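*Asks:* Numbering (full-length UniProt numbering), first residue to last: 1 to 473.
For the record, the hints were derived by calculation from the structure and aren't laboratory data.
A quick note: this is a predicted structure, and the numbers were derived from the prediction, not measured.
Think of the CB as a built atom: it goes at the ideal place given N, C-alpha and C, for glycine as much as any other residue.
Any given hint could turn out to be false.
Ranges between beta-carbon positions, derived for each pair [claimed, not checked]:
hint, residue 1, residue 2, range
1, Gln330, Gly294, 22 to 30 Å
2, Arg470, Asp433, 29 to 37 Å
3, Pro331, Glu390, 16 to 24 Å
4, Phe421, Gly471, 32 to 40 Å
5, Asp33, Trp235, 55 to 63 Å
6, Thr434, Thr129, 12 to 20 Å
7, Gln330, Gly234, 21 to 29 Å
8, Pro47, Gln432, 20 to 28 Å
9, Glu390, Ala281, 35 to 43 Å
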Amino acid sequence: MILVNPGGPGASGVELAWHNGTTIQGVAGSNYDIVGFDPRGVGLSEPRPNCSAGILLPHSEALSRRDAPRFIDKYYQQFIDFSKELGERCQEQAGADTEAGPHMTSAVTARDMLSIVDAFVVTPDGERTALNSSLLNYYGISYGTFLGQTFASMFPNRVGHFAIDGHVSPEGFQSNFTSNSINHLDGVLGAFFVYCHAAGPACSYYTGNTAMDIFKRWNASFSQLDALTAEAEGWSNATEIALALETFKYTTLDAGVAPLSVFGKIADTFVDLDDALASNALAAWTEKTNVAYGFKGLEGYARSNPEQSLGVTCSDQGNALYGKSLEDIQPLISALHDQSIVGEIWTSAMLGCLGWPIRSNNVFRGPYGGNTSYPLLFISNTFDPTTPIENAIASIPKYTNARSLTVDNMGHSVAGSGPNFCAYGVIRSYFQDTMCGKEHYCPLEVGPFGILLNGTIQENLEAAGLSNLRGLY
Numbered sequence: 001m002i003l004v005n006p007g008g009p010g011a012s013g014v015e016l017a018w019h020n021g022t023t024i025q026g027v028a029g030s031n032y033d034i035v036g037f038d039p040r041g042v043g044l045s046e047p048r049p050n051c052s053a054g055i056l057l058p059h060s061e062a063l064s065r066r067d068a069p070r071f072i073d074k075y076y077q078q079f080i081d082f083s084k085e086l087g088e089r090c091q092e093q094a095g096a097d098t099e100a101g102p103h104m105t106s107a108v109t110a111r112d113m114l115s116i117v118d119a120f121v122v123t124p125d126g127e128r129t130a131l132n133s134s135l136l137n138y139y140g141i142s143y144g145t146f147l148g149q150t151f152a153s154m155f156p157n158r159v160g161h162f163a164i165d166g167h168v169s170p171e172g173f174q175s176n177f178t179s180n181s182i183n184h185l186d187g188v189l190g191a192f193f194v195y196c197h198a199a200g201p202a203c204s205y206y207t208g209n210t211a212m213d214i215f216k217r218w219n220a221s222f223s224q225l226d227a228l229t230a231e232a233e234g235w236s237n238a239t240e241i242a243l244a245l246e247t248f249k250y251t252t253l254d255a256g257v258a259p260l261s262v263f264g265k266i267a268d269t270f271v272d273l274d275d276a277l278a279s280n281a282l283a284a285w286t287e288k289t290n291v292a293y294g295f296k297g298l299e300g301y302a303r304s305n306p307e308q309s310l311g312v313t314c315s316d317q318g319n320a321l322y323g324k325s326l327e328d329i330q331p332l333i334s335a336l337h338d339q340s341i342v343g344e345i346w347t348s349a350m351l352g353c354l355g356w357p358i359r360s361n362n363v364f365r366g367p368y369g370g371n372t373s374y375p376l377l378f379i380s381n382t383f384d385p386t387t388p389i390e391n392a393i394a395s396i397p398k399y400t401n402a403r404s405l406t407v408d409n410m411g412h413s414v415a416g417s418g419p420n421f422c423a424y425g426v427i428r429s430y431f432q433d434t435m436c437g438k439e440h441y442c443p444l445e446v447g448p449f450g451i452l453l454n455g456t457i458q459e460n461l462e463a464a465g466l467s468n469l470r471g472l473y
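With the sequences and hints as input, model every part of the structure.
*Replies:* Here's what the structure looks like:
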């Protein structure tokens with residue numbers, strides 16, 4: 001049996017097993033059953049908070065997806081105001097000790113995972129398995145890596161085959177969630193221009209003779225979405241520009257998370273943006289793009305049942321951000337902006353904690369690490385836009401005999417970024433006890449537009465002059 005967690009926090013392990021269990025089993029081996037579970041307060045578990053339903057979003061122009069991130073403080077303030085009302089409702093509905101709110105921490109979930117294993121041991125399947133059924137086998141993605149490290153640190157003698165993919169920094173997660181996160185987001189965006197150039201006319205945004213020419217085309221459009229100047233000078237289309245910039249940055253983040261499936265789509269989106277700017281039709285472009293990618297911003301956030309994520313994130317942080325003001329978190333916003341040209345979008349991952357009042361007395365704060373009963377496997381892409389490989393590198397030495405798999409690829413987690421057959425083979429060898437050595441590397445395979453680049457992603461970015469997009473401004 002392999003327990004799986006898809007991350008979030010707040011994502012459903014039941015849905016992951018239902019939709020992707022066969023794929024995971026195909027990689028790990030048919031001798032494993034894939035078991036999904038929903039942590040307390042999440043998905044199908046009961047009781048769970050459902051306090052965002054019915055909160056009316058403001059209909060004023062300033063708060064209806066009409067403000068550009070970073071440039072206009074009201075963008076952040078609308079999330080903070082929403083989070084305060086959400087927090088008040090959740091405190092009333094789910095804050096009692098008999099409700100889910102105080103029991104959604106990763107430490108609680110780790111103990112629940114242990115109880116699942118203990119229950120499995122006494123089943124007929126558990127009694128006849130060839131492996132030690134008292135050890136937890138696990139595949140965790142994104143936040144699931146933090147949950148995995150929590151379990152491995154709390155119960156090192158109950159660790160079985162334990163693969164964690166797309167690493168969240170325990171220290172960063174428990175400080176403000178956004179630290180040590182989007183280090184390579186600009187690198188993935190730079191790779192879009194490299195792949196588009198390599199694809200030629202098969203990429204609809206292709207232009208000029210170099211990848212840099214494609215970047216310059218993109219930047220010419222990006223620079224016209226200057227919401228700060230538009231608002232300050234009272235341009236008649238300031239609202240359209242602000243809305244377009246927000247949509248532009250959210251879709252760029254989407255492409256970074258899943259480049260194999262989204263690069264072709266976003267190339268068309270960028271072409272449409274050029275046309276919209278030329279014809280003064282930004283509002284139509286924004287509406288079309290929001291429909292194509294799903295509404296983001298506050299409206300999309302409110303629809304996503306954010307309480308299921310906040311109940312985990314904010315509690316694991318010890319409610320450190322609760323009651324903070326926009327002014328208090330400006331250093332965090334500035335740090336994200338310094339990491340990526342679209343980085344301030346990532347603030348939405350932590351703004352909700354400013355209004356989350358429900359506390360838990362069951363939080364594990366470390367130390368993280370230990371002498372586990374079976375070596376952990378840390379899996380990382382070289383260019384993961386939200387959970388950088390550096391997080392895995394920092395954690396590996398903390399676990400005795402831990403093993404690593406580095407995949408030269410881009411996208412959020414190896415599991416979520418498209419097939420890499422070398423990586424699948426290494427992961428299978430780990431679960432089948434045929435892995436030799438502690439450090440493993442898989443080279444770049446076929447990527448977006450069906451292109452296989454020569455060399456590594458980093459080498460291609462450097463050759464194109466696109467390894468530091470921040471430095472081009």
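*Asks:* Name the hints, by number, that the structure is in violation of.
*Replies:* 2 and 8
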